[in-house]
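Protein chains in written order, with numbering that gives the first Met the number 0: chain X, 0 to 321; chain W, 0 to 290.
Since the hints were made in silico from the structure, they are not lab data. It should be emphasised that the depicted structure is a prediction, and the values quoted were computed from it without experimental measurement. C-beta: ideal position from N, C-alpha, C; glycine also. Please note: incorrect hints may appear among the correct ones.
What the hints assert, rightly or not - Which residues of chain X face chain W? A few of them, derived with a C-beta cut under 10 angstroms, are:
{"no.": "1", "residue": "102"}
{"no.": "2", "residue": "136"}
{"no.": "3", "residue": "148"}
{"no.": "4", "residue": "152"}
{"no.": "5", "residue": "253"}
{"no.": "6", "residue": "298"}
{"no.": "7", "residue": "308"}
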Amino acid sequence: MAEAVTLVAGAANAPARPSALTRQRVRAAWLFLAPMLVVLAIVAAWPLLRTLWLGFTNARLGEMGDARFIGFGNYLIYADGEWDGLLVDPSWWRAVGNTLRFAVASVTLETVFGFAVALVLHRSFPGRGLVRAAILVPWAIPTIVSAKIWSWLLNDQFGVINDLLLRLHLIAQPVAWTANPSTAMIAVIIADVWKTTPFMALLILAGLQMLPSDCYEAAEIDGIHPAKVFWRVTLPLVWPAVMVAVVFRGLDALRVFDIIYVLTSGSEDTQSMSVYARKYLIDFQEVGYGSAAASLLFVTVAVLTLITLMLGRLRLDREGNR
Amino acid sequence: MTRDRRHNVRPLDLRLVSRLLGRMAFWSLVAAIVAISLFPFYYALISSLRPGSSLYEIRYVPSEVSFANYVSVFREQPFALSILNSLAVATGVVTVSLLLGVTAAYALGRIDFKGRRLLLLSILGVSMFPQVAVLAGIFELVRGIGAYNTIFGVALSHLILTLPFTVWVLTTFMRDLPKEVEEAAFVDGARPWIVVTRIFLPLLWPALVTTGLLAFITAWNEFLFALTLVLSPERRTVPVAIALISGASTQELPWGNIMAASVTVTVPLILLVLVFQRKIVSGLTAGAVKG
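Model the full assembly from the supplied sequences, consistent with the hints where possible.
Following this line, the structure appears as structure tokens:
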């Protein structure tokens with residue numbers, strides 16, 4: 000961005016009235032942006048606004064035209080002597096809890112493992128290219144396919160994971176990983192961590208490769224223990240890049256759908272906010288109620304994104320002042 | 000006894016031992032990373048080659064090689080059509096995203112105008128949307144234009160995912176090109192459109208390949224919209240087809256077929272990723288780290 004900004008600053012220093020060339024360029028800019036903006040308005044902005052609106056109606060899938068405004072009725076309503084609606088639905092709050100548990104656990108594990116993999120790939124050793132190729136395999140596999148592969152590996156009767164654990168005497172009898180309420184979320188997290196750790200590793204590796212090499216050389220000459228170098232030099236320097244990756248992955252994890260839908264077919268023990276919303280929207284055909292759930296998820300993600308962007312901007316500004 | 004001996008030659012010995020231990024730890028870590036990365040797919044592959052009931056005996060090495068599962072997955076459902084659908088959807092989505100993305104990225108990356116930063120942030124914001132938040136609206140829109148149960152509707156919905164990301168990554172690439180390239184052209188009186196097509200497009204070629212590949216993979220893998228916007232089995236895309244493979248009863252999933260289908264659609268993807276390894280890694284990191 001710095002480059003573009005200097006270019007701009009150069010233009011702004013010119014006399015108060017923008018030159019014909021600048022005006023021509025700005026006109027061209029909007030012309031070039033127009034098709035993309037129109038498409039985004041059609042496929043993103045409009046559907047989002049409709050969803051937010053439908054959340055305040057009693058729309059049903061078959062007759063969406065007959066939808067009637069019901070205010071916050073889908074969210075919370077006092078009727079027939081008791082509270083009703085999304086905000087008092089225990090299975091909604093369970094979905095919120097599942098989503099948060101999933102996001103925290105999987106992002107934490109992906110960051111830790113991703114860091115380990117990145118540190119390995121940051122060293123030069125014979126066969127490094129092959130290892131990097133190998134870790135790209137889980138990333139390349141479609142989420143649905145990896146969910147299916149893991150549900151086969153974790154199969155209670157014929158699964159190879161149970162077989163391995165039995166051979167190692169880590170479990171006494173086969174575990175029904177995806178069906179058992181206490182292990183279903185673990186199964187989802189295992190599959191997600193396997194698939195997404197490579198992405199984290201690559202992002203952290205990119206951060207590591209941008210670090211200046213002179214402080215490492217200095218540390219090596221001074222004979223400082225590698226572990227100390229890691230905690231005192233590497234970690235603080237690479238931390239901003241890691242945080243960016245963590246935030247993006249965290250926001251991504253909050254909208255999880257595919258892997259849970261396929262691995263545990265949306266049972267209440269694991270269903271995420273997205274799975275819950277789709278279930279009402281499509282399976283139960285209660286578009287109004289489902290839209291309300293989808294809107295709540297959207298607002299949660301939007302608020303978190305705004306906070307992140309604001310924090311990121313503050314940091315950028317501080318760097319700019321230095 | 001050994002202690003005494005070690006004490007005598009301590010400096011050399013200890014360093015040697017710790018170096019040896021360190022190296023062993025390092026290589027076992029490397030081995031573990033490779034094994035964990037590859038084993039699940041390896042196991043899916045050997046499972047897919049085991050016919051009938053031999054699938055249900057747990058073996059770690061291929062026992063026999065049979066393509067029966069591959070034959071039956073194509074025979075029992077329109078899986079070939081699903082592959083064609085996915086190819087058509089992904090190709091269309093990539094073409095449209097790149098066309099719209101390049102022109103938008105030129106404006107966002109090379110020209111300063113009011114609201115540029117806000118626009119970039121909103122585009123980034125769209126890529127953070129939970130897909131389910133637009134699901135009802137997209138469903139209504141697609142049905143409204145008569146595209147429900149068509150792959151056109153699916154492709155349209157995928158633009159939400161690929162377009163913001165394409166614009167974002169291409170903008171970062173665009174920004175990194177030296178400014179001299181276009182200044183010379185402008186001095187010569189070239190119009191912006193000419194500058195984009197004659198000067199930037201050839202320079203951006205590698206970035207287009209990278210972004211196109213990532214967009215292709217995104218569209219190829221998308222599940223939620225493809226699941227919701229299509230009803231007929233012959234119009235499903237690959238992820239939906241695989242997710243909905245079912246057996247005679249819910250208890251007996253035809254795992255052989257599922258693994259064969261999984262391997263069929265994953266092998267080309269893995270080859271693509273391995274061939275374009277460097278480009279993909281640079282695209283992923285350009286999208287996230289530089290932002």
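These are the hints, each one checked on the structure:
1. Hint status for residue 102(X): violated, given a least beta-carbon distance of 12 angstroms to chain W, over 10 angstroms.
2. Hint status for residue 136(X): holds, given a least beta-carbon distance of 6 angstroms to chain W, under 10 angstroms.
3. Contact between residue 148(X) and chain W, as hinted, is supported at the beta carbon level, the nearest pair being about 5 angstroms apart and thus within 10 angstroms.
4. Given hint, residue 152(X) at the interface with chain W, holds; its Cβ is 6 angstroms from that chain's nearest Cβ, closer than 10 angstroms.
5. At a threshold of 10 angstroms, the smallest CB-CB gap from residue 253(X) to chain W is about 7 angstroms, leaving the interface hint in force.
6. Restraint check, residue 298(X) versus chain W: the minimum CB separation of about 9 angstroms is within 10 angstroms; hint holds.
7. For the restraint placing residue 308(X) at the interface with chain W, the shortest Cβ-Cβ distance is roughly 6 angstroms, inside the 10 angstroms limit, so the hint holds.
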